[in-house]
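K.L.:
Residue strings, one per chain:
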Amino acid sequence: MDIKQLWKNCLIEIESGVSKANFSTWFKNTSILKEEDGIVYIAVPNEFVRDWLKNKYHKLITKTIADGFQTMRAVEYTITKIDNNNSSKNEAPKQIETYANKELPLKDLYINPEDNINPRYRFDSFIVGTFNELAYAASQAIIENPGTKYNPFFVYGQTGLGKTHLIQAVGNAIKDRYPGKKVCYITLEKFATDFVNSLQGNKANSFKEKYRKYDLLIIDDIQFIGKMEKIQEELFHTFNTFYENNKQIIFSSDKHPNHIPELVDRLKSRFAAGMIVDVSEPEYESRLAILKLKLQEMDINLEPETLDYIASAIQGNIRELEGSLNTIICQYRLKNRPLTLIEIKTLLKNSIKPKKNVAIKDVVKIVSDHYNLDETSIYEKTRRKEIVRARQVVMYILREDFNVSYPLIGQKLGGKDHTTVIHSYLKIKEELKDDNQLMQEIEQIRVMFK
Amino acid sequence: MKLECGIDKIKNAINQTEKVTGKNLTLPILSSILLIASGKSLKLRATNLSLGIEMEIPAKVEEEGIVAISGSVLANIFSNVFQNENVLIEGEDGNIVIKTKKSRIKLKGQQSDDFPTIPHVTGETFEIEAKKFIDGIKSVYYSSSVSDIKPEISSVYIYSNEDNLVFVSTDSFRLAEKKVKVKNLDEISGILIPFKNIPEILRTFGDFNGSIKVCFNKNQISFSSDNIYLTSRVIDGVFPDYRQIIPKESKTEAIMLKQDLLNGLKLSNIFSDKFNQVNLSVKPKEKIFELSSQNNDIGENKTSVDSALTGENIELGFNYKYFLDCFQSLTTDSLSIKFNQPSQPIVVSGVSDKSFTYLIMPMNR
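As given, the protein sequences belong to chains A and B, one line each in that order. For the first sequence, my numbering assigns the number 76 to the initial residue and increments by one for each residue that follows. For the second sequence, my numbering assigns the number 2 to the initial residue and increments by one for each residue that follows.
Please note: incorrect hints may appear among the correct ones.
Claimed, not checked - With a straight-line Cα cutoff of 30 angstroms, these simulated BS3-like cross-link-like pairs (lysine-lysine) come out:
hint, chain 1, residue 1, chain 2, residue 2
1, B, Lys275, A, Lys283
2, A, Lys504, A, Lys491
3, A, Lys103, B, Lys151
4, A, Lys131, B, Lys24
5, B, Lys322, B, Lys139
6, A, Lys103, A, Lys410
7, A, Lys288, B, Lys284
8, A, Lys288, B, Lys252
9, A, Lys83, A, Lys134
10, B, Lys151, A, Lys369
11, B, Lys103, B, Lys61
Don't read these hints as lab results, they were simulated from the structure. Computed from a prediction, not measured in an experiment: that's the story for all the values here.
For reference, chain A alone in the conformation it holds in the complex (with noise of 0.2 angstroms):
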């Protein structure tokens, strides 16, 4: 008989013949150890345990032990470590090494509050893929070489898709190959309010030597440096400086250095200079990828169906992948057992956003079908009603499902100013809240889509 079978149908019998008190406090962390020459080793967590079910729960644990395994002899307690305490046993060793590296612990626990790096922030963590090779080569490069491979680094990309973990990642990396170099994380709204600030306590040199004394510098979300002009020139002085000393810049961006409104020419070339790499939006693989190593992190396993949906269903940013799979994970918890696929999706439903990529043609061509208007006269210069209503429509449903800009809305339609595309997005928008018609209208036409 398998020994783990008889103790689980004996603590059933003790259970019933001890008050619950009683039984949770002494026989909760008990096991059978091992069973020889008709022995039975019974492991227990403590001395006062092993005292306690001696003197007191012998007899019962004989008497049931022997029910259900007649050669038994007799009952040994041996005190043994539980099996939590095992786990930690095997970290001890670990223990050890990190003062042997004579590392500072603390190091790990808070960002670091003299360059603001997250050490969370690591290439073990982060998943390269087609979508992010490039960015992540040339970073290998500047570790490699800082300074002198790519400088700038400039990364940019649509939110959610890891920049930010890429540029802190080769900062971290840096601190750890060459431990003197002083590094700097730091995003373009601080870097301007500590501008500002410096300006107004007539500090301006102690803000330029604060920043000029780092030996890699990264800012973060440079798009909003746009209206700043000041600001472009001191990070234009500061560039060069750091230029000039082969000292390494990376900046991140959700735009490419050209499409950044109001950037002044001599910094747009500067970006320029070095290495602009877009990272794009992961591919089925590597948001499969990105998944399993958020799982595998949080310890937790999900079925391959599951991941496979939720990789399928969430397209494109990554952290609504991840916002997506905690949502699932707190689910799981809470109902304690795996989800289902219909449960999945209804959980999902609202995360998913409709097919991104349509041409702006077909959806005057649904609507014009849905009003029965003729195609070509959405585009015409006229203000007949019927029409009026259909094109707002359609600007519409390019703006809030498509997200497609204003200005090219317009352009599209007809070559219209981007105010009237706002006036007629917000128009209808308005009426939306309180006309049902227009709203089973839109509806309707939105199912076309899908």
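Guided by the hints, dock chain B onto chain A, whose structure is given.
P.N.:
Using the frame of chain A, we list chain B on its own:
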């Protein structure tokens, strides 16, 4: 059960044992003290299944018996009974009646059959003066880790080295080591006493004169004197090999009066940030030993401390709390601080006192 005993003695015994009673709700009996009247004494026993204590006080026993009474109720009663005389305790069907000159108190007892036994430890033994043992533990225990994640370091480590008994604890940010000379010591490879049980050990034997017998095996340790028996679980694990991280040599050394440094640290503390960081700059050539701290909301401060310096310049930051902790364990008036690199531990010890060593990891700057 029927007995008579001195009120002072039973008061003291109840206070001591009550601290060990268990607060866990799964087994309510653990919150009580077991009173055992037999022979010429009254035994009081309490346990929380990690620690167990048994105290024996002399009593005039007329009728033997056992009863379990809630520890906190007993402690409350005896903290409000002041007459200096004898107290009479009588058992009545599982309940007891306590009679003093002025009060008659009836208390509900609990089923004493369920009260656990306390393990009687067999294994290696040694004897040590209680004062020395308490001094050793007291000098280091504040450094142990308070979290349960690594039981090895949330404990005080005791081992023997030649004729010293060595006490060590660390939370991986700082480490304290105290050596206490003991005659005729057998080799002790290592005992880990859980940090959580230390305060009770200190309380029980803190004011005790004379020697105690320590007995231990790989699961349990016991301390016994004539009338007290205290036993604690020990942790079955391996303490990190800490000796290799104590720097053998140093590049910079500073010697100063303990009080001077304490004043400087207290001043710096006002301005330290939420990580308790205080920065230190040592320049031996210019005879500068300067503490500085700054807080954006309050201001900043620089304080120099008179000291004798040798070696190279060094600058580093540390958590002042870690520094303050060790002052209670430094018995000398002046102390020595040794530095290597900003990423290596600082070594603090008393001048001419080799028994206590304290390591602090600097903070990253």
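K.L.:
Now look at each hint and say whether the structure bears it out.
P.N.:
For each hint, the structure was consulted:
no., hint, in the structure
1, Lys275(B) / Lys283(A), "holds (27 angstroms)"
2, Lys504(A) / Lys491(A), "holds (19 angstroms)"
3, Lys103(A) / Lys151(B), "holds (22 angstroms)"
4, Lys131(A) / Lys24(B), "holds (22 angstroms)"
5, Lys322(B) / Lys139(B), "holds (17 angstroms)"
6, Lys103(A) / Lys410(A), "holds (25 angstroms)"
7, Lys288(A) / Lys284(B), "holds (23 angstroms)"
8, Lys288(A) / Lys252(B), "holds (27 angstroms)"
9, Lys83(A) / Lys134(A), "holds (18 angstroms)"
10, Lys151(B) / Lys369(A), "holds (25 angstroms)"
11, Lys103(B) / Lys61(B), "holds (20 angstroms)"
Of the numbered hints given earlier, the model fails none.
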